[in-house]
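Student: Listed here are the chains, written in short residue letters.
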Amino acid sequence: MYPPRFAYEAPRSLDQAQALLAEYGDEAKVLAGGQSLVPLLKLRFAAPALLVDLNTVPDLEYHRTGSDGALHVGALCRHADLERSTLLGNFPVVASAAPLVADPVVRHRGTLVGSICHADPQGDWSAVLLALDASVVVVGPDGRRTVPMTEFVLGPFSPALRPGEIAVEAVIPPPRHQPAGAYFKLERRVGDFATAGAAVAVETDQGRITRAGIALTGVGTLGQRATAAEEAIVGRELTEQTIAEAAELAAESANPQTDHRGSADYKRHVVRTFVSRALRRVLPTPAGKAA
Amino acid sequence: MTVVHEESATGAEVPIRRIRVMVNGETKTAEVEPRLLLVHLLRRGLGLTGTHMGCDTTNCGACTVLVNGRPVKSCTMLAVQADGAEVQTVEGLSTPSELHPLQEGFKEEHGLQCGFCTPGMLMSAKALLEENPDPSEDEIRWALSGNLCRCTGYQNIVKAVQWAGRKMRGEQA
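As they're listed, the protein sequences go chains A and B. All residue numbers for the first sequence refer to my numbering, where the first residue is 176 and numbers rise by one. All residue numbers for the second sequence refer to my numbering, where the first residue is 974 and numbers rise by one.
Read the hints as simulated data drawn from the structure, not as lab findings. Careful, some of the hints might be misleading.
Computed list of lysine-lysine pairs in DSSO-like fashion (alpha-carbon distance at most 30 Å, straight line) [stated by the list, open to error]:
hint, chain 1, residue 1, chain 2, residue 2
1, A, 217, B, 1001
2, B, 1080, B, 1140
3, A, 204, A, 217
4, A, 204, B, 1001
5, B, 1132, B, 1080
Please model the complete structure; the sequences and the hints are all you need to start from.
Tutor: Structure (structure tokens):
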């Protein structure tokens, strides 16, 4: 398969990239890792007049923790960089999600920021960033602005980017208390989209849950927070009972469709299992027993 | 100079870019259309048909090559994006007199049957052993999970990589 004809520019700075976007408007498309965009081009679901390749813009490959402890992920930080990162001690949900995105080869090229801009409802990072109250930094004709992840996805494949804007960074705020949690994903085989997935991010202080973010993958047209499930555990201590309650509420909030990956009931059951499994990991382990 | 582009059927202007890529240690220049995929530059433009095109949908990994040392599915990267990069293909593994330990391992352990997936397997395995010279069986399976094989059941591929790892570490293969 061959993509349709397009012009290609490899800008050397964000300013140059923005100038190109200003000139071409809607006819231009930004290329980062290309692991979603190139397949779309080949299938002719996308046919931009111009591709603006960010890969030649310096200093976008970073991920780092800021002075406030927040995690900053640059537009060209690859999934594989996060998979191998030593900076994610305070971000266990990010650390557990990175090795589950796509497959190992794709992870060397694909980027977190590109993935959320692609805004596939089955993408893994959307749920992770939603659960962690992350935001996206974009630059454009109106300058720089920060968009909360809850407002960044307008619908399937529709990021809240205005004409001429480029997403340059995702920011995940620092935990205030002890962070815990995980991202779980059920896939039929490596590289498949999630049958269902759940990102569960909590913070605990002396055994009590002080913050909970639970977001789901592949069980609705939008990445969504399971707010009722979160409210059921915040301010409380985790017990078998509160965990079961939260898992049930998360399953109820899911809106899955029956398809070739499984029935709606099955996917709801997977959500229940994943939320329960992730929260049980947070339970204090009895002395002398391994987790 | 390799030229890989075609006339436009409608007479519209075809955008052409000149790129310079280091392929298996040799500098190559090419004139390409931006829409040319890296796998097509290698196979059609440079005649390096060792890199196989399998699914063409970013799944199978047969087209895996190393770009600046990292494994990449060359059907999912534009040739223009390799401008200034170093690309290694399966043709760069052996010397005229000697197979790469991975190639030897695949031979010794019967790591291939039809051989279609093998070039991609070799390149992914090369990246793995460079990063982790003594991987566990799980780590090998994990690293190769983006490369599909429909013949072997993977068992002997894993053994082949272990064989190569031992040889490269200087242990008795």
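Student: Broken hints, numbered, in rising order?
Tutor: none
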